[in-house]
Every structure is written in structure tokens, then in C-alpha cells.
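Visitor: Residue-level listing of the chains:
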Amino acid sequence: MINITLDMLFILATFLLLLAALYTLLFLTKKSKIVRGVSLSVALLANAILILISSSIVYSGTALEFNFNQIFPMMGMDFLIDRLAAFFILAVSIIAAAVTVYSFHYLDHYPQTRRKNIHIFLMNLFVLSMVYVVASRNMISFLIFWELMSVSSFFLVCFEFEKAETRKAGLFYFIMTQLSTVFLICAFVILYNETGSFELARASEMSSGLLSMAFISLFIGFGIKAGIIPFHKWLPYAHPAAPSNISALMSGLMIKVALYGLIRFLLYIFPATYLWWGILILIAGTVSAFLGVIYALKEHDLKRLLAYHSIENVGIILMGIGMCVIFTSYGLTALAMISLVAALFHTLNHGLFKSLLFLTAGSVISETRTRNIEEMGGLVKRMPKTAVLFFIGAVSISALPPFNGFVSEFLLFHSLFQSSLIPDPIVQLIMLVCLTVLALTSALAAACFVKAFGTVFLAAPRSEHAAQAKEASWSMVAGPSLLAALCIGLGVFSFQIFSWIGPRIGYSFPLPDMLPAVSVGAVLLLMIVIGFRLTDSRKPRVSETWGCGINSQNSKMEYTASGFSQPIINIFSFIYQPQKINKRYFMDIQETVFREGKVEIRMVRFFEDYVYLPIARTVQRISRWLYSQQNEVTLDPFIFYEFLAILGLILLVGVIV
Amino acid sequence: MSVEFILYCLMNLGLVIVLAPLFISLIKIVKASAQGRKGPSVFQTYRNLMKLFKKEVIYSSNSSWIMRITPYVNIICMLVAALFVPLVFIPGPQSWFGNVILFLYIFALARFFMALAGLDAGSTFGGMGSSREMSLSSLTEPAMILVFAALAFVYQATNLFDIFITLSESPLMAFNPSLMLLAISLFIILIAETARIPLDNPETHLELTMVHEAMILEQSGRNLALMEMSAAVKQLLLMSVLINIFFPWGNTTSFTIPAIAGSLVLFLVKCILLALVIGLFESSLAKMRLFRLPNLLIIASVLAFLTVILEVFLP
Amino acid sequence: MISDSLLEGALKALLVLIVISALLLLTRKNVLSLFRSYALQSLLLAFIAVVLYVQERKIELLFTVVLTVISKVILIPFFLGRVQQKISIKRDAEFRYIKPVAAVILSTAIIVIIYAVFAPLLRILPVTEIFILGSVIGISMTFMGLIVCYSRKRVITKVIGYLTMENGVVLFGIFLIELPFLIEMFVIMDILMVVMITAIMSFGMNASVEEFHVHLKSLRQWFKEEDASK
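Chains as they are written, first to last, in my numbering: chain A, 12 to 668; chain B, 362 to 676; chain C, 301 to 530.
No false leads were slipped in.
In silico DSSO-like pairs for lysine-lysine, Cα to Cα no more than 30 angstroms straight-line: (1) C/Lys329 <-> B/Lys648; (2) B/Lys631 <-> C/Lys312; (3) C/Lys386 <-> C/Lys453; (4) C/Lys399 <-> A/Lys309.
These aren't lab readings, by the way, just hints derived from the structure by calculation.
Build the full structure now, drawing on both the sequences and the hints.
Guide: The structure is reproduced here in C-alpha cells:
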């Protein structure tokens with residue numbers, strides 16, 4: 012009798028994922044689809060094992076410990092999977108499984124064989140690195156896998172590197188992600204300096220100033236990766252450039268790994284948390300949520316729209332984390348737990364529905380060959396299954412009952428409603444403002460997805476390609492279907508799931524039971540439908556309805572996406588700051604004969620124009636000045652500077668010690 | 362689920378279905394007499410609905426399953442929401458119904474479908490209506506959440522059943538002066554959500570004024586009847602939330618026939634008075650320009666926020 | 301004897317109504333309804349003073365009531381009404397710097413900020429929470445009056461802004477510090493003078509401050525002659 016333990020299974024899963032990755036490298040130039048098929052099937056198996064392991068840890072709560080110190084000595088390869096880590100691994104493996112199924116056929120329309128095989132290799136490596144970042148127990152291994160995650164995702168984003176747009180997006184992403192690592196290293200150094208160990212365990216007491224510094228640099232580091240405003244700019248560039256399965260992984264999982272890091276450090280590593288951290292996180296989250304959806308509303312690029320919604324949802328998750336810190340600092344542990352669970356559950360939910368949306372968007376984009384939603388339309392008849400799947404994702408992300416997005420936002424609303432328990436009136440009012448903004452955000456998200464679903468799938472097709480679109484192949488329906496089923500299941504049965512899991516972690520959750528409402532609704536529906544059938548057996552007629560006086564409607568008469576969002580842009584014009592630029596050119600100097608005119612409506616790109624570009628310009632100016640200081644372009648002066656710098660450093664160390 | 366609760370469900374559903382169209386015509390009568398006209402009969406809305414139920418359904422050839430399921434989703438949402446608001450009889454505290462956030466988001470679900478159905482047929486009017494509806498509702502929803510957050514501050518409850526029970530035990534709590542502000546903002550929300558002047562005009566089919574009507578322009582026959590019915594139910598529900606929170610006298614918690622009959626009569630009187638107020642309010646104002654409407658909704662939110670400020674500062 | 305809690309409730313209701321009246325002053329465009337809101341606000345102020353008199357039995361409060369009712373509820377609105385009839389301005393719909401809705405949001409924020417700043421200071425005094433809130437609303441009202449002053453273009457509405465500020469000061473005064481009655485009387489005389497001067501200045505004038513200058517310029521030639529004679 013072989014006693015199979017969880018760590019053996021985990022190592023098996025790791026091995027299988029590595030195998031799946033390396034297998035494609037072995038047959039790099041092989042043109043057959045079977046290579047990728049085999050690799051993806053092995054990866055699917057590995058993900059299934061991971062789902063099994065992590066769900067059992069989430070349920071039982073017994074942590075899993077193992078290390079690779081014999082293979083990689085002195086590298087700090089210690090791993091610990093507790094409930095929090097297991098929860099994130101569960102999210103990673105479920106979504107990775109769905110994306111793996113989707114990828115069976117997604118790459119078919121790209122011609123380059125070798126590149127597709129490398130893509131599968133990197134994808135498996137990417138998933139593996141995310142699992143190991145979450146499992147890490149040591150800052151060194153955390154950083155190693157963090158970098159592996161960043162680098163593999165960078166190459167994945169650059170899949171179509173012949174396009175200049177993709178190269179630009181990839182470079183931008185790479186710079187931002189390295190910046191994030193710099194901040195993480197800063198924080199790790201501070202922590203190491205104080206505690207003397209790289210282990211990710213509860214740190215001993217340290218001075219509040221240093222602790223706050225560590226927190227700030229961690230917040231910025233993880234914030235860049237998670238796409239918190241104002242560090243969000245890479246998201247709307249990288250997502251449209253990347254293939255859709257990678258967008259699904261990055262948006263659904265990678266930014267969540269950053270949030271995992273934040274939660275891990277805040278709750279498990281730092282010896283104390285302060286009220287102002289909580290308020291900072293809450294406000295940053297609220298701003299991200301609101302601005303994310305505001306920017307999404309004006310977007311007509313389907314994937315960029317979804318990317319902005321990722322910013323919004325990261326903001327919502329952050330609000331939960333911030334509330335957790337605030338409640339903890341007032342000693343309200345039960346409410347802190349509810350807000351933390353709201354954040355965690357929204358993390359899972361957002362992973363599910365955002366991957367679902369990105370995957371179905373990928374199917375649509377590969378059929379219509381454009382990302383511009385103004386050129387789609389009418390796809391509900393041509394791609395019915397994809398339409399239903401996208402619809403489920405849209406309802407979930409708009410936080411509408413009885414789907415999963417509603418449940419996590421409900422928990423957040425509930426904990427914000429409880430602000431009356433906090434003694435400080437100013438904090439109460441801050442929370443109420445956040446509550447209002449959250450409600451505004453979810454209402455705007457609903458508006459945005461009415462726009463997205465309406466223009467992409469409904470009415471008549473707006474372009475040639477859209478009119479000829481076909482349903483996606485089976486795997487591109489099956490993968491998202493898994494996610495859609497989970498979106499519905501986690502929503503409708505949320506009360507049951509939480510009353511099952513609640514006692515295991517020692518808290519009860521004030522969720523409304525969705526099942527009776529849904530079943531009452533179903534019974535009523537049945538009654539109405541049967542009533543109609545009995546009283547009136549006529550079949551509804553499909554015909555031309557009134558078309559504003561014109562007999563046959565065409566797609567030119569439909570309401571466009573820009574028309575749809577125009578009232579909202581008008582209402583929030585103080586954020587968009589739309590500028591109308593009207594230029595006229597004349598043939599002659601007296602300006603009598605009109606040659607051509609140009610009218611442009613431009614929204615202010617606040618963060619790009621006022622944050623990113625000034626920083627970039629300053630750096631450029633400094634480097635230009637440094638360059639001008641060196642009149643000779645030879646190697647020697649550089650070696651000389653290096654010599655001086657090292658000497659200075661040694662002297663500095665001598666002075667300090 | 363006790364027998365009493367099931368009886369409550371049946372009674373509430375029955376009342377909502379029977380009474381909802383009544384107040385649509387009642388407000389019309391009030392408006393007509395304010396304009397010096399005679400106005401329709403009280404039963405006109407019932408007759409309209411019966412007529413529509415008998416008519417044939419026609420779908421546009423562009424439309425999809427969204428158009429076909431929307432009327433059903435709408436009426437189901439409204440009927441489920443009807444279980445959340447005890448009209449005359451309040452059963453004991455419930456865990457599965459009555460949550461205010463779920464209540465609001467059930468409305469949001471219905472609206473989501475309605476807006477998509479507006480886009481479905483591909484006609485310009487429908488799209489215009491959905492666009493306007495979603496923009497305005499994005500401001501109504503925060504106002505509603507704030508109103509309920511303020512109520513949560515005052516009554517320490519997020520469940521309508523709990524709030525109503527607290528009120529029926531100590532009806533003097535409704536005299537809380539800061540609730541006046543809340544009543545005003547809930548009234549504005551009621552006007553906004555039921556598509557009335559100055560936000561929308563339920564009686565015209567003009568491009569300039571249409572919001573709600575534009576979205577359901579493509580519906581016909583019994584589907585249209587379902588849409589109109591759900592609009593009527595929504596109006597009655599919001600009216601009874603307003604009445605039962607700010608004028609809670611007469612609601613009964615005991616399940617006896619005289620008590621229920623008494624509170625039903627009181628409820629009807631209060632509803633008729635509110636309908637009178639709504640009708641007069643509508644007649645006294647002109648339709649606002651579309652981009653002036655956000656101001657009104659923002660003022661509703663600010664009033665709710667002021668309530669919270671008062672509650673926070675004067676514990 | 302009237303119970304304390306009832307008095308407290310009445311004070312709370314009056315404060316709510318005063319805030320509403322201040323918001324009306326910020327948003328209304330009809331000049332007549334502005335005057336009416338101002339009169340209402342002053343009346344509410346008088347009511348507050350009455351309630352406080354019932355609570356504290358200080359005779360000065362009754363004088364304040366009488367003075368407020370005579371001057372601010374009857375005299376000033378009547379006066380302003382006469383001016384308005386003469387210059388026949390019906391609406392003041394022009395705003396600068398800040399739109400009415402933004403002003404409403406801003407004044408809500410002001411109430412919160414002032415509470416956050418002043419409440420800890422005021423807690424030193426032996427007063428209950430409602431007194432603190434009342435004085436906070438009083439200070440906020442002076443700010444709201446300032447907003448009215450700088451956001452409206454017509455002189456006649458600017459005057460309403462000054463009057464609101466004065467009401468705020470009175471509110472603060474009756475809630476927290478007992479202003480010597482004499483000073484209060486002088487203040488009221490002052491604002492009566494302000495209103496009268498405005499009435500005289502705005503003869504036939506139907507527009508904004510800029511047009512004051514036009515009128516003043518016509519006076520300038522006399523001064524010029526004086527200059528020349530020097």
C-alpha cells in the first residue's frame with residue numbers, strides 16, 4: 012500500500028507542468044498539432060491535481076510544507092502552502108485549466124509553428140511560476156519565481172513581435188514590472204535588516220517608521236503589478252497586444268498574485284498594521300475602481316476595455332483589503348474577516364469572469380479580425396454559444412444577482428454598511444463616501460457591459476467580417492464554459508458554500524440565501540409561461556418592426572458604442588476633460604478658399620500627460636546632461652567612474668561601520 | 362419556512378399584482394384633473410393590460426433571445442423583489458428575503474436586461490433609451506445605496522423586514538428629524554426610477570423626452586404587457602418602501618384577519634395620498650433637460666449623505 | 301415641563317431645516333424664492349433661539365428672537381423685495397467658479413471638515429453634542445454664504461450671500477458664545493445699512509458688479525474736475 016501524501020502529489024504536479032513545458036521545446040519545429048495537444052493535456056492533468064490538493068488544504072486547513080534545499084542548496088527554496096496560499100493556488104489552477112483547454116485550438120490561426128510551440132512552453136512555465144510565487148516561504152524564492160513570472164509573461168506578451176505596437180507594449184510592460192521588483196527588493200531589504208532573516212514569517216517588533224517605509228514600498232511594488240491607479244498604465248497597453256489566452260492568465264491570475272503578496276505581508280508578516288495604511292489602501296482602491304470603470308466606458312477596443320475593468324476590480328479587491336486593515340486596527344475582527352473574505356472571494360470571482368470575458372473576447376476577435384467593437388455586432392446569431400458565455404461573464408462582472416460578482420460585492424457592501432460600529436466619525440464618513448463610489452462604480456460597470464455586449468453581439472453586423480463570423484471551435488467553447496458554470500454556481504449556491512466553509516474558519520457570513528429567491532423566480536416563471544401557453548397558442552411572428560419610417564433597417568442606423576457612452580462622458584466631463592480641436596486650412600492667405608478642415612475630440616490622458624511623461628522627460632534630460640559631460644566616447648572614462656564609485660562605496664561602508 | 366411566511370408571500374404577491382396597475386391610473390387621474398381634464402377611469406390600466414395580453418407578439422428580425430427573455434426576466438425580478446417589501450403584514454425576521462442590497466440589485470438586473478433589449482432590435486430609439494437609462498441609473502443607484510446606508514445607520518439593520526419590525530414596535534422612531542432629508546431623497550429616487558417628470562415623461566413618444574418608453578418601444582403584445590406590469594409593480598414597491606419607512610403606522614405583525622384588513626385600509630389610504638402627491642408634483646414641474654438631471658440625482662445623494670452626517674455627529 | 305429629549309429633537313429638526321434652507325440659497329435661481337428661503341432661514345433661526353430659551357431661560361435669547369423676526373424675517377426681505385421690483389430681475393442663473401451642484405457637494409464637505417477641525421476644540425467646553433453640531437453648522441453657513449457671494453454674479457444675490465453669512469454667525473453665537481446683546485444689535489444695524497446701501501446703489505441697475513463700474517465712471521468726471529482744480 013503506497014501512502015500518497017499531498018506533497019508528493021504537489022511535486023508530481025510540478026513535474027508534470029515542467030514536462031509539459033519542456034516537451035514542446037523538444038519538438039520545437041514539429042509542425043503537428045499533436046505536440047501542443049500532448050503538452051496541453053499533461054498541463055491539464057497537472058492543473059487537475061493542483062485543484063485537488065489546494066481544495067483539500069482550503070477545506071482542512073492543514074498546511075503543506077516541503078523544500079528543494081537538497082537540489083538547490085542555499086537558495087532558500089522553502090515552500091509552505093497554508094490556507095491563504097492554497098486558496099490562491101486553487102484560483103490559479105482552475106483558471107489555468109480553463110485557459111489550457113481553450114488553448115487547444117486558439118493558436119490555430121497563427122501560421123508560425125515554432126513560435127506557437129514556444130508559446131505553449133512559456134505558458135506552462137508562467138503558470139508554474141505563479142503557483143510557486145504563492146507557495147514560497149522565503150523572500151529569495153519569492154523573488155526568483157516572481158521574476159520568472161515577469162519574464163515569461165513579457166515574452167508571452169511579445170508573441171506578435173513584428174507589430175510595432177506590440178513591441179512598444181512589451182517594452183512598457185517590462186519596464187513597469189522591473190520597477191515593481193525594485194520596490195519589492197527595497198522592502199525585502201528593510202525587513203531583512205530588521206529581522207535578520209529572509210523567511211516569510213511573522214516579523215518581530217520593529218520601529219513604526221521603518222515598518223511604514225517597508226509597507227509603502229511593498230504597496231508601490233505590488234501596486235504596479237496589480238495595476239492600481241496611478242501605476243496602471245501598462246495594463247491597457249499589454250492586454251490588447253498579448254494573445255487572448257495570455258490576457259486571460261495575466262488579468263485573471265498574475266495581478267492577483269500581486270494582491271496575494273500584499274495580503275500575505277499585511278496580515279502574516281508585518282508585526283503591526285496601522286489605521287492610515289488601511290485608509291490609504293481603501294482610498295487607492297476606491298480611486299482605482301472608479302477611474303478604471305470611467306476609462307473603460309470611453310474605450311472601443313474590446314480588450315482594452317476589459318483591461319480597464321481589471322483595474323476597476325483590483326480596486327474593489329483593494330477596498331476589501333483596506334477595510335480589513337481598518338477594522339483590524341479598531342479590533343473588530345469579525346468584520347475584518349468579512350471584508351478580507353470579500354476581497355479574497357472577489358479575487359477568485361474576478362479571475363473567473365475576467366478570464367471568461369477575455370477568452371470569449373479572443374474568440375470574437377479571431378473571428379472578426381478586429382478589436383474595435385464598432386465593427387462587430389450581430390454575433391449573437393453567428394456565435395450563439397460564445398455570446399451566451401460572454402453574457403454570463405458580463406452579468407457577473409456587473410455585480411448582478413444571482414451571479415458570483417454580486418456575492419463578493421455584497422460582502423463588501425455589507426462591511427461598508429457596518430461602518431457605524433467604528434468610533435471615529437471621520438473614518439465613518441470616509442467609508443460612506445467609498446460606499447457611494449463603489450455603488451457608482453458597479454452601476455457604471457453595468458452600463459459599460461450593456462454597451463460592450465450590445466455593440467459586440469446584438470443588432471445587425473456592422474462589418475463584412477462580423478457578418479461572416481462562425482462559431483468558435485469546441486475547445487474555445489469548452490474552456491470558457493467551465494468558468495461560466497463556476498460563475499453561476501458560486502453565485503447561486505454562495506450561501507450554501509459559505510455556511511459550509513464558514514464554521515471551518517470560525518466565522519459566519521451574513522449572506523442572503525440566493526437559492527430560495529432563484530427557485531421562487533423559477534416557479535413564477537414556469538407559472539407565467541404555462542399560463543401563456545394555455546391561453547394563447549399563437550406563435551410569435553418574426554417580422555420587420557417599426558424602423559423610424561424606413562422600411563429596411565441597416566447597421567448604419569444602429570446606436571453606436573460611442574453614442575451609447577456619450578451621456579456618461581458628458582456627465583463625467585470633469586474627469587474626461589474632452590477638448591475639441593477644430594483646425595481649418597485655406598488655400599490662400601486671406602483665408603477665403605477653404606482647403607481642408609480637421610476636427611478632433613480628445614480626452615485628456617491625465618496620468619500619461621501629467622505623471623508618466625514628465626518623469627520620462629526628466630530622466631531623459633538628466634541622461635542627456637550626463638552624456639554631454641562626457642566629451643569622449645571611449646571605454647576608459649566609464650571604467651574610471653566605476654573605480655571611483657566602488658572606492659566611494661567601500662569608504663562609505665567603512666565610515667558607517 | 363413557516364406556513365405564516367408562505368401565506369405572507371402569497372398575500373404580498375397577490376396584493377402587488379392586484380394593486381400595482383391601480384396607482385398608475387390613479388396618478389394619471391390626478392394629473393388630468395390638475396390640467397383640468399377628466400382623466401381615464403380607475404380601471405383603464407387593467408383594461409390596457411388585458412388588451413395587450415390578447416395581442417400578437419412580433420419580434421424584429423434583427424432581435425435575438427435577449428428580446429425574448431427580457432419581459433419574463435423583468436416581471437420575475439419585480440415579483441421576487443415584491444417578496445422583499447412587506448406591504449401590510451410583517452412576518453418575523455427573515456434571513457433569505459428582505460436584504461436591501463439584494464433588493465436594489467434585483468432592480469439593477471431587470472434594468473440590465475431591459476437596456477440590452479433596447480439595443481437588441483438595432484433601432485436607433487431603443488439604443489438611445491438604453492444609453493440614457495444606464496447613464497441616469499448609474500447616478501440613481503449610489504443615491505439609493507446611500508439612502509439605505511443612512512437607514513442602516515438609524516435603525517442598525519440592513520434588512521427591510523428588520524427595519525419594519527423595529528418601526529412597528531416603536532413607531533415614534535419615524536419622527537427622527539434627520540429622516541426628513543432621507544424622505545426627500547427617496548422621493549426623488551422614486552420619481553427617477555418610475556420614469557416620471559421631470560426626469561422622463563411616461564406619456565409621450567417624443568425623442569427628446571423618452572427614456573424608459575424608448576427601450577420598450579420594440580416590445581409588443583403580451584411581452585409589452587409584462588414590461589408595463591413590471592414597471593407598475595416597481596412603482597408600487599418603491600412607493601410602499603417610502604410609506605412603510607416614513608409613515609409606518611398601521612403595519613401589523615400579527616397574522617389575524619382584522620389586523621391585516623385594518624392595515625390594508627391604512628396602507629391604501631397612504632398610497633392614495635402618495636399618488637396624489639406624485640401626481641401634483643409631476644403636474645407642477647416641466648421636463649428637465651437631460652443633462653440637468655444628474656444634478657437632481659446628485660442632490661438626492663447629498664441629502665442622504667447629510668442625514669448620515671447628522672447621525673454620525675449626533676449619536 | 302417639556303422633556304429634554306423632545307427639545308433636542310426639535311433642535312435637530314430645526315438644524316436640518318436650516319441646512320436645507322442654506323442649500324436652497326446655494327441652488328435656487330429665482331430671485332424671489334431666494335428671498336423667501338432667506339426669510340425662512342431667519343425664521344428657523346428665531347425658532348432655534350426660542351427652543352434654546354425654553355431650555356436655558358436666558359432673556360437675551362428672547363431679544364434675539366424679536367430682533368431677528370423684525371429685521372430679518374420682515375424688514376430685510378420686504379426691502380429686498382422692493383428693490384427687486386424696481387430693478388425687475390427675476391432670475392439669477394449665472395454662476396462663476398463653481399456650479400450649484402458642486403457648491404452643494406463642497407458645502408457638505410465643508411461641514412465635515414469643520415466638524416473634524418472644530419469638534420475636538422469645542423469638546424473642551426461643557427456643552428452637549430447638539431451644541432457642537434449647531435455651532436459647526438453655524439460656521440459652515442458663513443462659508444456657504446461666501447460661496448453664494450463669489451459664485452453669483454448679480455449684486456442682489458451677493459447681498460443674500462452676506463446675509464447668510466451673518467445668519468451663520470448668529471447661529472454660532474446663540475449656540476456657543478453669548479454675544480453681548482449690544483453687539484448683536486449693532487451687527488443687525490450694520491447689515492440693515494448694507495441692504496439699504498445696496499438698494500440705493502442698485503437704482504435702475506439690473507446687472508452685475510461690472511456694471512457698477514459703469515455707474516461709478518459716470519460719477520468720475522466730477523472727481524476729475526476736482527483733480528484738475530488741484
